[in-house]
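Asker: Given chain A, put chain B in place with the hints provided.
Sequences listed follow chains A and B, in order.
Every letter in the first sequence is one number past the one before it in my numbering, and letter 109, counting from 1, is 109.
Every letter in the second sequence is one number past the one before it in my numbering, and letter 108, counting from 1, is 224.
No lab work stands behind these hints, which were simulated from the structure alone.
C-beta: ideal position from N, C-alpha, C; glycine also.
Keep in mind that a hint or two might mislead.
Listed next, with one range per pair, are the computed distances between beta-carbon atoms [unchecked claim]: (1) 39/A to 143/B: 19 to 27 Å; (2) 198/B to 45/A: 25 to 33 Å; (3) 126/B to 78/A: 33 to 41 Å; (4) 143/B to 57/A: 21 to 29 Å; (5) 198/B to 72/A: 32 to 40 Å; (6) 126/B to 111/A: 20 to 28 Å; (7) 181/B to 116/A: 43 to 51 Å; (8) 126/B to 108/A: 21 to 29 Å; (9) 176/B to 111/A: 17 to 25 Å; (10) 183/B to 7/A: 37 to 45 Å; (11) 116/A to 143/B: 33 to 41 Å; (12) 17/A to 133/B: 47 to 55 Å; (13) 116/A to 188/B: 37 to 45 Å; (14) 111/A to 125/B: 21 to 29 Å.
Here are the computed lysine to any residue pairs in the SDA-like style, where the Cα-Cα straight-line distance is at most 20 Å [as the list claims (entries may be wrong)]: (15) 37/A to 155/B; (16) 37/A to 14/A; (17) 160/B to 204/B; (18) 42/A to 127/B; (19) 22/A to 5/A; (20) 160/B to 5/A.
Derived list of chain A stretches under chain B, where covered just means 3 residues or more per stretch with a C-beta under 8 Å from a C-beta of chain B [as the list claims (entries may be wrong)]: (21) 36-46; (22) 105-111.
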Amino acid sequence: GENVEQHPSTLSVQEGDSAVIKCTYSDSASNYFPWYKQELGKRPQLIIDIRSNVGEKKDQRIAVTLNKTAKHFSLHITETQPEDSAVYFCAATTSAGGTSYGKLTFGQGTILTVHP
Amino acid sequence: NAGVTQTPKFHILKIGQSMTLQCTQDMNHNYMYWYRQDPGMGLKLIYYSVGAGITDKGEVPNGYNVSRSTTEDFPLRLELAAPSQTSVYFCASSRMGGSSEQYFGPGTRLTVT
Chain A
1 GENVEQHPST LSVQEGDSAV IKCTYSDSAS NYFPWYKQEL GKRPQLIIDI
51 RSNVGEKKDQ RIAVTLNKTA KHFSLHITET QPEDSAVYFC AATTSAGGTS
101 YGKLTFGQGT ILTVHP
Chain B
117 NAGVTQTPKF HILKIGQSMT LQCTQDMNHN YMYWYRQDPG MGLKLIYYSV
167 GAGITDKGEV PNGYNVSRST TEDFPLRLEL AAPSQTSVYF CASSRMGGSS
217 EQYFGPGTRL TVT
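So that you can see chain A by itself, here it is in the shape it has in the complex (with noise of 0.2 Å):
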């Protein structure tokens, strides 16, 4: 089955700074890539995804960059503020036979934590 690893498990960074996160997936038939946001105690919440067949998508502040060839993607945050503070999860679908179901295999998480 797929398996993604994801790095950083923790990232410091001041106000204003960049933070970026990497996933490898190993399943070269996925093709769809979300990062979700999760606050303490929270729900996961998507706040960006790429599909297989764009290398890269932005919104505002956030990016998101995909490797097929390499496996890998990243996430870009710009500017980064206090309320970024979060973990943050990439995520791959798996497949079956070809059809993917929306069954995602997660990232470890990161833990983001911007300084006032």
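Answerer: Below, chain B without anything else, positioned relative to chain A:
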């Protein structure tokens, strides 16, 4: 729309007892999922459903059962609870599976002791 709702929010269960975690969505989504999240870890898929009457195992199904008699409801049953099932359980739904966004419920924090 309430989105995805889960009950209870918290529960303490004794070893060997059974219980059902409830999940309901009002978005008419066909796909529903159950994940568990252990402390400091990512979410792991327990079971999923692609529509009423159709369910299948995920990555960690042992010790759990599900049913899907309606589009709206997807209960998760724990039989003979064990301490290893102490976790936070999240239910999610999506419109089309595949690359559709999954919407998560608020979670149920379960302690087995």
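Asker: Is 33 to 41 Å respected by the C-beta to C-beta distance linking residue 126/B and residue 78/A?
Answerer: holds, 38 Å
Asker: Using the Cβ atoms, figure out if residue 126/B sits within 21 to 29 Å of residue 108/A.
Answerer: holds, 25 Å
Asker: Within a Cα-Cα threshold of 20 Å, do residue 42/A and residue 127/B meet the stated pairing?
Answerer: holds, 17 Å
Asker: Range first: 32 to 40 Å. Now tell me if the beta carbons of residue 198/B and residue 72/A are that far apart.
Answerer: holds, 36 Å
Asker: Go check the stretch 36-46 of chain A versus chain B for me, would you? Three or more residues, Cβ under 8 Å, otherwise it fails.
Answerer: Holds: 5 residues of the stretch 36-46 of chain A have a Cβ under 8 Å from chain B.
Asker: Within 21 to 29 Å or not, the Cβ separation of residue 111/A and residue 125/B?
Answerer: holds, 24 Å
Asker: Holds or violated: the 33 to 41 Å window for the beta-carbon distance between residue 116/A and residue 143/B?
Answerer: Holds, at about 38 Å.
Asker: Is residue 37/A within 20 Å of residue 14/A, Cα to Cα?
Answerer: Holds: residue 37/A and residue 14/A sit about 19 Å apart, inside 20 Å.
Asker: Hint check: residue 37/A vs residue 155/B, CA-CA at most 20 Å. Holds or violated?
Answerer: Holds, because 16 Å separates the two Cα atoms, which is no more than 20 Å.
Asker: Run the distance test for residue 160/B versus residue 204/B: straight-line Cα separation, threshold 20 Å.
Answerer: holds, 11 Å
Asker: For residue 39/A and residue 143/B, compare the CB-CB distance with the range 19 to 27 Å and indicate the outcome.
Answerer: holds, 22 Å
Asker: Taking 25 to 33 Å as the stated bounds, is the beta-carbon spacing between residue 198/B and residue 45/A within them?
Answerer: With a Cβ separation near 30 Å, residue 198/B and residue 45/A satisfy 25 to 33 Å, so the hint holds.
Every hint from the earlier list agrees with this structure, and none is contradicted.
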